[in-house]
Amino acid sequence: MIFILLPLAVLTAGVFLALFIWAVRTGQFDDLETPPVRILNDDADRPLPTGDVETRETIVVSTRDC
Amino acid sequence: MSAACAHCGLDVPASEQRTHATQQFCCRGCAQVYQLLHDWGFDGYYRLLERQGGRGVPAKVSGRKYAELDDPALLKIHAEPCGHDRLRLRLYLEGVHCAACVWLVEELPRAVDGLASVRLNLATHVAEVEWAPSAISLSRIAHALDTIGYTPHLAQDDRLEAARRHNDRALLIKAGVAFAAAMNIMFIHLALYAGELNDISPEFARFFRLMSLGLSLPVMLFSAQPFFRTAWAGLRQRVPHIDLPVALALLGAFGYSAYATLLGHGPVYFDSLAGLVALLLGARYLQQRAQRLALERTSVLRHVAFAEFARRLDAEGLATEVAVTSLIPGDKVEVRSGELLPGDGIVLHGNSQLDQAVLTGEATPLPVGPGDWVVAGATNLGARLVVQIRAVGPNSRVGGLLRLVDEAMRGRAPMVQFTDRISKAFVWGVLGLATALGVGVLLGSGGDVGLALQQVVALLVVTCPCALGLATPVTFTSALARAARAGIFLKNPESLELTRQVDTLLLDKTGTLTEGKLRLVATQGMPKALDLALALEAESAHPIALAFRRAQRTPLGSVHRLEAIREHPGQGIEGLVDGVHVAVGNEALLRTVGVAPTAAHQGQAEIWSAQGLSPLFIAVAGQVVAQAALGDPLRTDAKAALKALTNAGLTLHIVSGDHPAVVARVARELGLTSDHAHGGMTPEAKRTFVADLKAARTQLPHTGKLMMVGDGVNDAAALALADVGVAMQGGSGASVAAADVVLTRPGLMPLVELWRGSHRVMNVIHRNLAFSLIYNLAGAGLTIAGLVGPILAAALMPLSSLTVILSSVLGRTFQTSAAASRTSGGRSWP
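These protein sequence lines are chains A and B, in that order. First residue of the first sequence? That's 350 in the working numbering, and the numbers climb one at a time after it. First residue of the second sequence? That's 51 in the working numbering, and the numbers climb one at a time after it.
Calculated from the structure, these hints are not laboratory results. A virtual CB, placed ideally from N, CA and C, is assigned to each residue, including glycine. One should not assume that every hint holds.
Claimed, not checked - Simulated crosslink set (SDA-like; lysine to any residue; CA at most 25 angstroms straight-line):
id: 1; chain 1: B; residue 1: Lys-755; chain 2: B; residue 2: Arg-460
id: 2; chain 1: B; residue 1: Lys-567; chain 2: B; residue 2: Gln-67
id: 3; chain 1: B; residue 1: Lys-110; chain 2: A; residue 2: Val-386
id: 4; chain 1: B; residue 1: Lys-755; chain 2: B; residue 2: Leu-743
id: 5; chain 1: B; residue 1: Lys-110; chain 2: A; residue 2: Thr-383
id: 6; chain 1: B; residue 1: Lys-474; chain 2: B; residue 2: Thr-748
Stated by the list, open to error - Pulled a few chain B residues facing chain A out of the computed Cβ check, cut under 8 angstroms:
id: 7; residue: Leu-98
id: 8; residue: Gln-102
id: 9; residue: Trp-153
id: 10; residue: Leu-170
id: 11; residue: Asn-171
id: 12; residue: Arg-215
id: 13; residue: Arg-219
id: 14; residue: Leu-222
id: 15; residue: Ile-223
id: 16; residue: Gly-226
id: 17; residue: Asn-234
id: 18; residue: Phe-254
id: 19; residue: Phe-257
id: 20; residue: Leu-265
In isolation and in its complexed conformation, chain A is listed as follows:
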């Protein structure tokens, strides 16, 4: 039994290793900082409907440059 199961287990591991190599090759590990942040950004509520004049405040434009 073990003579079949062990190679089978190693083969499964090999499949995952191949997936990992594919992920690295396609650059999915190049940037580890932005993707975790992107998930949070799904929380941004739906935007206000455009043209909704009532909800828009008057904005006083200031004159100074930064």
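Let chain A serve as the given structure and place chain B on it in line with the hints.
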């Protein structure tokens, strides 16, 4: 009353506060961006910002058209086609500061037709933009990014960077393969070890061993390549590299284990060797990655500080935006207020003042008029100038300075890494011990080659320098991360080692010890007159006017009626405030408007001039009633920081391009003697100063290293040449690119933390070396006593690795002071 800017959350200065407005803004840029995000339905940005506890930064909107980006030749070089009618290009975005920026930038295609997608990398601030050129031009996309507060720059993706990324991926794959193999081998060996206690049947044992032999083949043939290669290269150069004992241990362990497996008896070490390779590669990957990110971040900045576009005037005097690279000598260009000069040349029309602080170190603006020679990289502070270009690119003054920087950087000797020096003694020790043990066992056992080989392999495995190879990269990587949080950005770990040995510190003045901005440092006379002067200056965009406004405390309502305002370039401003004639300016202005200062006023002005300050007179209704002095004051933390460094035994020098009298005064204020203040230094003189100091030191034994701190283009060559170069927060791109360390928090306190942190890091490394030495000595002792089998080796190896990793990660290297973390919410980048 204080108010927070609705866009960036910073305090709104009193002069900007508007009554009856629901929102307050600190500047025009913020107000524009707020309005636009509102119109486009991107209010989610502010919700995200709030939710993530981040803070905004004041928006910078140039309002440019970016016409130079539509140049087909430029697109051909930088853009790559992807799919049908699509182009892809990388833009470095100035102004990216937090997670909400990612959302905003990536949502932009919703508001801009023809823009297919934007992917922003938060670490490098580089956005990958995909668009349909038939529907929209790149300049329109750039303009859209600019209007929401992100200034786009072409990100030159040089070949070196691509190669580094490729190396990173290759190493990660090698580490991944090693980890996968090591984990599986470990499980199989667990069965073997358990089997030894419970009488495993020989056929199973043989099968398990064959399996682990097969699994360790990819580790030896693929993953371990880097060790063999560097060990071999070291041997050929007759330098024992730290990888040599690793390679020997791997070869010995694998060779003996394979032999034992085929023979059917004897110990096998497959688990130890695979684990070793996996751990070492993992640590190496982390360090290489941290270094690559640091380099990517700074190399992209290199191109940013200089003018990227010019407004070329055609025969009819119409301006078109062109890329700076397409300018040729003889072209006429227009330079508006706040823009950088694109090349060296001669002013044809216009009077203005130039900020050349980054080029020369002079804090006071330089007045220019028709016929004056002006240089690329200077900022136009005043009115529009028309300049005839005489030299561009490498032939310009700034191009020459950059060449100096490049030369200095190329001339740097490759760093001898700390571990390389230690490894020498270590390698000889292990090799000697292994030979002695082999010969000893041979003689003792009467020529039992198998036993001698087994003992030698056990020794090599046990004494393998994994702590050395593992501890140093892990300590450095965790120190780099901690330092980044404390506002110190290290490009390479070696500079930490060098910083610890620094005994002489050279400091630039303008922008380093001082803020590099004009401020009102002293006033005298009627307070009412100062109010009138403020009202008048509120109408001007001149740097002196900005200095006035920075000093303003009370809100400025529309109380004053202003009429007949006239600016006199290089002199000052006059006008009617509520019907009263007010003039603010220097002595020349007084002559122009026909007002004579009293002897007392003139005396005060002379005192201020002698202190390196610019005196101003305020005349109301034909009489001088008040005076003010403008200057570039010291940073608030300069005194404390320099005191801490002096107390630590460092010798300090000020090297500045500013006038020697000004430099001497600053030195006195900081408690330095006049022979440590060097004024009037050109960029070349600064470089020579560093070179001479370095050369003088090589003659003396036991001297420390040289550190240079600066912010300008004029400091860049000296920064590159010094043992450690430190660029200040907000420094010019050239200084950031040339330096080894970039401060990302304002002020000089991060410098003190850098010095202290470097000592703590080296302490952690020494502690780790002590740990690994103890393990190795114990391991070697046990092996020589003949007690080490595969189980003990398998246990000792991870145990020692774990100890040093814990010691590295827990080591308190850099500390984020409470004050520093308040000023910036985590990520900040120049």
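Here's how the hints hold up against the structure:
no., hint, in the structure
1, Lys-755/B / Arg-460/B, "holds, 19 angstroms"
2, Lys-567/B / Gln-67/B, "holds, 23 angstroms"
3, Lys-110/B / Val-386/A, "holds, 24 angstroms"
4, Lys-755/B / Leu-743/B, "holds, 10 angstroms"
5, Lys-110/B / Thr-383/A, "holds, 23 angstroms"
6, Lys-474/B / Thr-748/B, "holds, 24 angstroms"
7, Leu-98, "holds, 5 angstroms"
8, Gln-102, "holds, 7 angstroms"
9, Trp-153, "holds, 4 angstroms"
10, Leu-170, "holds, 7 angstroms"
11, Asn-171, "holds, 5 angstroms"
12, Arg-215, "holds, 6 angstroms"
13, Arg-219, "holds, 5 angstroms"
14, Leu-222, "holds, 5 angstroms"
15, Ile-223, "holds, 5 angstroms"
16, Gly-226, "holds, 5 angstroms"
17, Asn-234, "holds, 6 angstroms"
18, Phe-254, "holds, 7 angstroms"
19, Phe-257, "holds, 6 angstroms"
20, Leu-265, "holds, 7 angstroms"
Consistency note: the structure conflicts with none of the earlier hints.
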